[in-house]
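Q: Here's the letter readout for the chains.
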Amino acid sequence: MELTEHLFRHESGRMVAAVTRIFGMHNLALAEDVVQEAFCRAIEVWAFRGVPENPSAWLMRTAKNCALDVLRRERTARTFAPELGRLLESEWTLAPVIEDAFRPQAIKDDLLRMMLSCCYPQLAEEAQIALILHILCGFSVDEIASALVSTNAAIEKRISRGKKTLAKSKKLFDVTAPAEFSSRLPSVHTALYLLFNEGYHGANPEFAVRSELCREAMRLTAVLLQHPQSAIPRTYALAALMCFHAARVPARLDASGNLSSLFEQDRSAWDQQLIAEGLSFLDHSAKGSEVSEYHIEAAIASVHATARGMEDTDWVKIVSLYDSLMTIRPSPIVALNRAIAIAQRDGPERGVEEIQAITDRDRLNSYPFYWAALGEFELRTKRYGAAHGHFRSALALARNDAERHFFGQRLQASQAAVHS
Amino acid sequence: MSEFTYLFRGRKTSGSPEEMQKHFEKWVAWFKELGAAGRLKDPGRPLEGTGKIVNGSQKVVRDGPYAEAKDVVGGYITVEADDIAQAVELSKGCPILEAGGSVEVRPVQKLNV
Chain A
1 MELTEHLFRH
11 ESGRMVAAVT
21 RIFGMHNLAL
31 AEDVVQEAFC
41 RAIEVWAFRG
51 VPENPSAWLM
61 RTAKNCALDV
71 LRRERTARTF
81 APELGRLLES
91 EWTLAPVIED
101 AFRPQAIKDD
111 LLRMMLSCCY
121 PQLAEEAQIA
131 LILHILCGFS
141 VDEIASALVS
151 TNAAIEKRIS
161 RGKKTLAKSK
171 KLFDVTAPAE
181 FSSRLPSVHT
191 ALYLLFNEGY
201 HGANPEFAVR
211 SELCREAMRL
221 TAVLLQHPQS
231 AIPRTYALAA
241 LMCFHAARVP
251 ARLDASGNLS
261 SLFEQDRSAW
271 DQQLIAEGLS
281 FLDHSAKGSE
291 VSEYHIEAAI
301 ASVHATARGM
311 EDTDWVKIVS
321 LYDSLMTIRP
331 SPIVALNRAI
341 AIAQRDGPER
351 GVEEIQAITD
361 RDRLNSYPFY
371 WAALGEFELR
381 TKRYGAAHGH
391 FRSALALARN
401 DAERHFFGQR
411 LQASQAAVHS
Chain B
1 MSEFTYLFRG
11 RKTSGSPEEM
21 QKHFEKWVAW
31 FKELGAAGRL
41 KDPGRPLEGT
51 GKIVNGSQKV
61 VRDGPYAEAK
71 DVVGGYITVE
81 ADDIAQAVEL
91 SKGCPILEAG
101 GSVEVRPVQK
111 LNV
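Protein chains in written order, with the numbering used here: chain A, 1 to 420; chain B, 1 to 113.
Don't read these hints as lab results, they were simulated from the structure. If you're wondering where the values come from, they're calculated on a predicted model, not measured in any experiment. Any given hint could be a false lead.
Here's a subset of chain A near chain B, in silico, CB distances under 7 Å, partners left out [claimed, not checked]:
1) 9
2) 12
3) 39
4) 43
5) 45
6) 47
7) 48
8) 92
9) 140
10) 143
11) 263
12) 264
13) 286
Heads up, simulated SDA-like pairs for lysine to any residue below, C-alpha to C-alpha not over 20 Å straight-line [claimed, not checked]:
14) B:22 to A:142
15) A:287 to A:271
16) A:64 to B:50
17) A:382 to A:398
18) A:317 to A:364
19) B:26 to A:48
20) A:171 to A:4
21) B:26 to A:55
22) A:287 to A:222
23) B:52 to A:69
24) B:22 to A:10
25) B:70 to A:37
26) B:26 to A:4
27) B:22 to A:41
28) B:26 to A:69
29) B:32 to A:52
The beta-carbon is built from N, C-alpha and C at its ideal position, and this holds for glycine as well.
With the hints as constraints, model all of the structure from the sequences given.
A: Structure representation (structure tokens):
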């Protein structure tokens with residue numbers, strides 16, 4: 001029997017969370033050792049005997065047994081989860097307590113609890129994301145550094161500091177306290193949203209690596225949807241948004257592997273199943289009275305996802321959605337996207353005007369797509385010299401080969417127009 | 001054709017979950033390769049890392065194996081090969097080598113010499 005792809009990585013988060021519930025957050029490193037030992041044993045036993053029928057259950061059972069060994073060995077030297085306290089100290093209670101703690105029903109919410117723990121509000125968002133990738137998604141420091149185009153030292157520091165902060169709370173997040181749950185949930189949404197965006201727009205040149213980040217964000221969002229307290233309209237809106245964007249991923253690269261803008265994408269390559277899933281999530285998201293930024297972004301993405309082409313796109317609707325987004329969550333990037341939509345609706349001159357009216361416009365100076373948008377508008381109004389200058393700025397800011405190639409092509413197009 | 005027993009020492013203990021899974025898949029591929037070539041005589045057994053050592057005429061029992069992790073035998077299989085040179089060659093595909101471990105290749109004694 002073949003293992004499913006990334007099985008170890010995916011099971012790692014569940015196992016670490018389950019063991020940490022027993023050991024306590026301050027013993028996270030010990031829980032990680034236990035999980036590593038379970039993987040070592042799996043390799044040894046499965047290589048000789050073949051993969052068991054239910055590899056996930058086998059791994060969890062092995063982690064449980066390894067955890068028991070550790071508890072027996074360390075119980076006089078350490079304190080474990082405060083709520084289990086003395087029950088772990090005596091052999092009479094130890095085994096039954098552990099047996100009970102690893103029932104399928106008991107471990108069901110552990111991943112969710114760990115996710116809520118990682119999104120501790122006092123931690124910077126980038127630290128939360130690194131912790132999620134490390135603890136829940138099973139990425140090593142090296143793998144995270146390479147995925148996020150950072151250095152090992154920086155990620156290592158972020159994770160070890162983050163773990164120290166988590167250790168202060170000792171126990172995993174309590175999902176049975178409704179008020180705390182609801183107040184923590186928005187941080188989880190933000191972290192997963194940022195994780196998805198890192199994959200979708202991130203700097204990593206490897207398309208496959210970025211897709212992996214998007215898939216992880218979607219997998220964890222699906223975990224939120226399985227729990228009644230986190231399956232709220234906002235979460236559905238976030239899930240819808242991710243589906244619509246992910247549906248377009250196959251078309252973002254053209255046949256020769258180059259970045260392709262929304263204007264040129266082959267829409268037949270969009271994943272219709274993901275679009276359908278996104279529409280169904282969008283329906284669910286409309287069940288409350290709340291309209292979050294995710295609702296609006298999902299609505300915008302749904303207009304694109306269901307339009308047959310650029311010309312069939314309802315730009316009037318998109319502009320009005322961007323207007324709402326600007327009132328809920330104003331940012332220079334949202335304003336830029338709104339300007340692009342206005343240019344589609346009213347012509348490129350209006351687009352340029354809208355861009356010039358953006359407050360904090362200088363914050364966009366280091367964003368290559370800002371210059372590219374200006375270049376596009378100037379190109380369409382036949383001010384080729386200005387267009388050329390903007391594309392050159394975009395090219396200078398490109399973060400990877402795909403972007404360099406893309407802006408380089410636009411630069412050539414404007415150059416050709418100057419000479420024609 | 002002669003039989004040779006491989007004794008595997010050491011284990012891969014470090015690596016991300018993804019790397020551990022890749023390592024496991026190499027073991028599967030290697031066993032498959034031996035099997036497909038008709039070399040795998042006995043698929044053997046993995047051994048626990050702990051046990052007891054009973055020693056000498058005093059029959060002293062102690063916990064063991066006490067050797068370093070890299071010296072502990074973690075499992076064995078038996079293969080068929082033309083000669084020791086070929087058995088050694090076949091053993092070079094074993095993934096334990098990449099994890100810093102070793103394979104001891106021992107000819108199995110024939111009964112009717």
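Q: The structure should be examined with respect to each hint, and the outcome stated for every one.
A: These are the hints, each one checked on the structure:
1. 9: 4 Å, holds
2. 12: 4 Å, holds
3. 39: 4 Å, holds
4. 43: 5 Å, holds
5. 45: 5 Å, holds
6. 47: 4 Å, holds
7. 48: With Cβ-Cβ at 5 Å, under 7 Å, it holds.
8. 92: Result: violated, 25 Å to nearest chain B Cβ.
9. 140: This hint holds: residue 140 of chain A lies near chain B, its Cβ roughly 3 Å from the closest one there, short of 7 Å.
10. 143: Residue 143 of chain A check passes; min Cβ-Cβ to chain B is 6 Å, inside 7 Å.
11. 263: Check failed: Cβ of residue 263 of chain A comes no nearer than 37 Å to chain B, outside 7 Å.
12. 264: Since chain B brings no Cβ nearer than about 35 Å to residue 264 of chain A, farther than 7 Å, the hint is violated.
13. 286: At 38 Å from the nearest chain B Cβ, residue 286 of chain A fails the 7 Å test, so the hint is violated.
14. B:22 to A:142: 16 Å, holds
15. A:287 to A:271: 26 Å, violated
16. A:64 to B:50: 18 Å, holds
17. A:382 to A:398: Between residue 382 of chain A and residue 398 of chain A the Cα gap is close to 24 Å, so the pair fails against 20 Å, i.e. violated.
18. A:317 to A:364: 25 Å, violated
19. B:26 to A:48: Distance of about 12 Å is within 20 Å: holds.
20. A:171 to A:4: At roughly 32 Å apart (the allowed maximum being 20 Å), residue 4 of chain A and residue 171 of chain A break the hint.
21. B:26 to A:55: 17 Å, holds
22. A:287 to A:222: Holds: residue 287 of chain A and residue 222 of chain A sit about 18 Å apart, inside 20 Å.
23. B:52 to A:69: Roughly 17 Å between the alpha carbons, so the hint for residue 52 of chain B and residue 69 of chain A holds.
24. B:22 to A:10: 14 Å, holds
25. B:70 to A:37: 15 Å, holds
26. B:26 to A:4: 15 Å, holds
27. B:22 to A:41: 15 Å, holds
28. B:26 to A:69: 29 Å, violated
29. B:32 to A:52: 17 Å, holds
Hints 8, 11, 12, 13, 15, 17, 18, 20, 28 from the list above are not met by this structure, while the remaining hints are.
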